[in-house]
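Those protein sequence lines, which keep their order, are chains A and B.
Following my numbering, the numbering of the first sequence begins with 377 at its first residue and continues without gaps.
Following my numbering, the numbering of the second sequence begins with 278 at its first residue and continues without gaps.
Be a bit skeptical, because a hint or two may be false.
Said to hold, decoys possible - Straight-line alpha carbon distances no greater than 30 Å define the calculated BS3-like cross-link-like pairs of lysine-lysine that follow:
| no. | chain 1 | residue 1 | chain 2 | residue 2 |
| --- | --- | --- | --- | --- |
| 1 | B | K487 | B | K335 |
| 2 | A | K478 | A | K491 |
| 3 | B | K562 | A | K546 |
| 4 | A | K481 | A | K491 |
| 5 | B | K335 | B | K568 |
| 6 | A | K478 | B | K380 |
| 7 | A | K588 | B | K568 |
| 8 | B | K556 | A | K478 |
For the record, the hints were derived by calculation from the structure and aren't laboratory data.
As the structure is a prediction and not an experimental result, all values here were calculated from the model.
Residue-level listing of the chains:
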Amino acid sequence: MSIQVQEINKQFGSFTALNNVSLDFPTGELVALLGPSGCGKTTLLRVIAGLETADSGRVILEGEDASDTHVRERQVGFVFQHYALFRHMSVFENVAFGLRVKPRKERPNEAEINKRVHRLLELVQLDWLADRYPAQLSGGQRQRIALARALAVEPRVLLLDEPFGALDAKVRKELRRWLRRLHDELHVTSIFVTHDQEEALEVADRVVLMNKGRVEQVGTPQEVYEHPATPFVYGFLGAVNLFHGRVEGEHVKVGEATLPHDGRDADHGVEVVGFARPHELDIVTDLAETRGVEAVVSRVLAFGASARIELDALEGAAERGEPVHYEVVLTRERVAELALSEGQHVRLVPSSLRVFPREAA
Amino acid sequence: MSAAGILHGRVDARRFENNAATRESPWVRRAILGVALAFFVLFLVLPLVAVFAEALRKGWGTYVHALTDADALAAIRLTLLVAAVSVPLNLVFGVAAAWSIAKFEFRGKHFLTTLIDLPFSVSPVIAGLIFVLLFGAHGWFGAWLIAHDIKIIFAVPGIVLATVFITVPFIARELIPLMEAQGREEEEAATVLGANGFQTFWRVTLPNIKWGLLYGVILCNARAMGEFGAVSVVSGHIRGMTNTMPLHVEILYNEYNFAAAFAVASLLALLALVTLCLKSFIEWKASQAAKDTE
């Protein structure tokens with residue numbers, strides 16, 4: 377089922393949780409709502425579910441305006457961050473709940489409930505836990521039961537609020553792969569909220585980036601990672617280095633140094649902030665060069681497939697409101713070739729620099 | 278206060294005891310324990326024993342006679358009636374109040390929470406006087422009530438009202454922290470799954486609060502049967518009609534009929550003992566339930 381939200385606004389007191397949000401969620405996709413805490417992503421999810429009412433705007437489910445439809449009738453499945461399993465019911469009864477509370481006419485008989493619950497428990501691979509109570513399960517198991525419970529009523533959409541937020545790193549990684557596979561099997565339109573960019577990029581078909589109640593960018597994981605539309609998205613998706621400077625033709629003048637830029641959004645003479653990912657920077661040890669920004673090597677972390685070099689800006693950067701740290705990722709061969717030592721002065725040369733006007737950043 | 282919180286203290290104490298670094302020296306332990314036990318025996322156990330001893334001093338015959346006396350039976354019946362009315366009323370009110378305070382945000386929430394405590398902070402005599410002031414012959418509604426031939430003060434309705442007032446906090450106070458701690462997520466989950474309000478309450482909320490609720494009911498009932506001050510003001514002490522057990526005890530005592538007074542008092546003491554047993558059983562059950570769901 378497709379979901380559309382149109383011009384949604386929501387205030388909590390003086391805090392604006394959602395500021396004129398309009399989005400389209402096409403049928404069958406798995407979409408991530410990604411953003412820092414307090415950006416409104418959970419509120420948007422709860423508005424779609426009907427657990428929260430928007431101050432203005434519409435929620436359209438399958439082409440029908442559902443803004444005034446009660447939560448009960450929206451046929452959404454909702455998975456809570458802290459599972460919200462019924463603590464006094466066995467796993468079986470938790471999953472069966474949605475079927476048992478149906479009006480008598482629609483309610484399946486006991487044999488049918490039994491069959492459907494066991495099928496769902498098999499789907500989440502926890503059939504052997506049917507008689508246990510939630511307190512006896514691990515976090516990952518509880519979350520899978522919560523998912524089975526949500527699926528029992530055959531929802532038209534599945535909404536997941538930080539589904540892996542309360543789990544430890546290893547279980548998280550397993551579960552998100554599992555969620556992706558499950559989604560490929562079921563093809564239920566799904567939206568999940570997360571503040572973990574890696575999770576969003578790895579699992580979702582599309583990513584919606586939110587900040588301060590607004591949508592910053594919508595796109596496939598590759599699009600948003602490689603072509604961030606706003607400085608916020610650039611900063612939020614992965615590590616980034618910032619350079620403050622002024623555009624001079626094909627180059628950005630950063631202090632004494634000149635850096636090449638990507639040529640977009642850059643009129644001559646405009647004050648800009650340039651963004652470069654750690655792997656988009658190279659280090660040159662020849663200080664006579666003028667193409668790079670000077671910095672001091674503070675740590676070289678050479679383990680794993682690539683090496684990470686942390687650098688400090690020259691003195692005075694903090695006073696000018698400029699970044700004081702840089703991070704560069706190089707191949708191990710390149711690091712061996714450079715033979716860097718801590719405290720050494722070097723120059724940083726970006727292979728490409730994405731620039732945004734200063735005020736936007 | 279909550280039933281579930283009580284066992285945790287015991288577990289912590291044991292941890293301190295078993296650790297040589299935190300253990301108190303034996304004489305400190307003995308001294309503290311001794312003081313506590315002496316106080317306990319002197320002020321709690323002795324009076325209780327005295328009640329039963331006095332009640333039975335003139336033999337079983339007098340004891341049984343005192344309890345089967347027509348006025349005594351009427352007092353017992355009235356006490357049971359008052360409890361049977363006020364406990365269910367406060368059950369409904371307590372659940373509703375706790376529900377609204379724990380699960381909704383609204384203006385005046387703090388005020389309502391404070392108001393629920395009012396009967397605890399006000400002297401029962403004043404509570405009784407409030408009703409006399411409202412419904413007495415010279416009270417605000419007095420003239421209207423007399424005109425319509427409705428008797429509240431010096432009659433059973435007044436006693437019930439005073440008791441309800443006094444016992445308001447017991448159930449609500451027990452449930453509010455419990456429901457606040459449990460939050461709204463389970464109810465939200467039930468609603469999303471299609472449950473209506475009643476189904477959510479019956480299948481999700483009630484099972485989660487049942488031990489706390491029962492605990493509140495037991496305490497509420499004990500107070501409803503034992504209340505003296507407020508009831509004394511509104512009752513009028515009419516023998517066989519508006520005398521509850523505590524009032525009956527007082528009357529007998531004032532008439533120097535000690536054996537009978539203590540006989541009725543022993544019934545109330547027995548009620549207290551049963552209440553205590555039930556209370557500790559529920560505390561134990563609640564802590565088991567809490568352990569299962571942690």
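Verification of the hints:
no.	hint	in the structure
1	K487/B <-> K335/B	violated (44 Å)
2	K478/A <-> K491/A	holds (17 Å)
3	K562/B <-> K546/A	violated (37 Å)
4	K481/A <-> K491/A	holds (19 Å)
5	K335/B <-> K568/B	violated (50 Å)
6	K478/A <-> K380/B	holds (24 Å)
7	K588/A <-> K568/B	violated (41 Å)
8	K556/B <-> K478/A	violated (38 Å)
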